[in-house]
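There are 2 protein chains.
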Amino acid sequence: MLKLYFAPNTCALASHIALEDAGADYSTVRLDFAADEQRQPAYLAINPKGRVPSLVTERGVLTETPAMLAFIAQSYPHAGLAPLGDPFAFAAVQAFNSYLCSTLHVAHAHGRRGYRWADDEAAFEAMRRFVPRSVGACFELIEREMLKGPWVMGDTYTICDPYLFTVSRWLEGDGVDPAAVPKVVDHRRRMSERAAVRKVVADELG
Amino acid sequence: MLKLYFAPNTCALASHIALEDAGADYSTVRLDFAADEQRQPAYLAINPKGRVPSLVTERGVLTETPAMLAFIAQSYPHAGLAPLGDPFAFAAVQAFNSYLCSTLHVAHAHGRRGYRWADDEAAFEAMRRFVPRSVGACFELIEREMLKGPWVMGDTYTICDPYLFTVSRWLEGDGVDPAAVPKVVDHRRRMSERAAVRKVVADELG
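Residue numbers (the numbering used here), protein chains in the order written: chain A, 954 to 1159; chain B, 954 to 1159.
Honestly, I wouldn't trust all of these hints.
When chains are identical, the list treats them as one kind, so a pair holds in a single copy or across two.
[Stated by the list, open to error] Dumping the calculated DSS-like pairs for lysine-lysine here, alpha-carbon to alpha-carbon at most 30 Å:
no. : residue 1 : residue 2
1   : Lys1002   : Lys1136
2   : Lys1101   : Lys1002
3   : Lys1152   : Lys1002
4   : Lys956    : Lys1101
5   : Lys956    : Lys1002
Everything labelled a hint here was simulated from the structure, so no lab data went into it.
Working from the sequences, and respecting the hints, build out all of it.
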């Protein structure tokens, strides 16, 4: 059985939803970030990066959301969560997820985790101030160029959708005007109404 | 035929090497970053992110190094560049590449491209000062936990290897002591001796 380590309101939600979408047999372990549990030896033995998510499998531990999402799609092919037989279409899915991971999520992280890239309070404050612009630019690019509709890749729901849903929940907190990205907000609303998403969100908060 | 847009000394080198490793039929287009060519309308029509690399295929344009590397591996399966039939092993490859993209490369980028995350010169300087620590920590984690040897994934060369080679060329420029990461440096040396790598590096500089 798969075991997902997560913390609420993190990008782990994307993999959590995908596991539910896939009908996977899985359990979850909640980490307490307030107690810095992700940096304690017990967790570092599972994931030396000290971050979430981690997915414990029979073969070993997987990390990094784009890799975990592709793993879930490939491990449960009947769930149809990615165009597995088409290298170009699969790469398009992966390119979208890689952008969320390496550009949008990184821009977001500058609001709270400036210590990853500097060691001075004035720089942290400068980074915090910039988040609405940098995260806003990411969402505008997604709105204009990437989100085909109704799902990210068009007519078919894929592993891009739980990931976009996850990061789009950060919009208001990052100071981005939701009115500027109506397709993203509509996607978020439709995602939030799916049974799997409602169940997982309730589980994470519960 | 595939067409790769690149600029010298960027992460595009990883895909360039992988195309050569795969025996792909491809051509390259060099962008002049000094002339800001990546932000001109002609290139933005290809890649609205204004970054390299981009890979033009018969089906459309692909971006994001991890996605492009997986696409190359899947499109040329006989080259054996990834464990395509094993979702766990493939995910481990992707997790490594995702880490380089979203953590190591991002840390490196703070040395020159602080304008992505702030708009004040003092913050840029604070970010530049921190690069040896943040990039150094990434390489130390790779050295200690990820690089199995002789290749990243162990006995078999994969799409992780050209990507690690590409970012490890930035070590000294980022102020990281090569002596702290001897396995990474030895990997870089062995990569640099491969015929495909020598050809591609000469092409990019020529």
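- [ ] Go through the copies and call it for Lys956 and Lys1002: within, between, both or neither, with a Cα cutoff of 30 Å.
- [x] Intra 17 Å, inter 36 Å, cutoff 30 Å: intra-copy only.
Open item on the list: Cα distance capped at 30 Å. Does Lys1101 pair with Lys1002 within a copy, between copies, both, or neither?
Closed with: Cα proximity of Lys1101 and Lys1002: across copies only (17 Å, versus 34 Å in one copy).
TODO: With 30 Å as the alpha-carbon cut-off, assign the pair Lys1152 and Lys1002 to within, between, both or neither.
DONE: within (29 Å within a copy, 35 Å between copies)
Open item on the list: For Lys956 and Lys1101, with the copy left unspecified, which applies at a CA distance of at most 30 Å: within, between, both, or neither?
Closed with: between (32 Å within a copy, 25 Å between copies)
- [ ] Could you figure out if Lys1002 and Lys1136 sit no more than 30 Å apart (CA to CA) within one copy, between two copies, both or neither?
- [x] Between copies only: 19 Å across chains, 34 Å inside a chain, cut-off 30 Å.
Violated hints are absent here; each numbered hint is respected by the structure.
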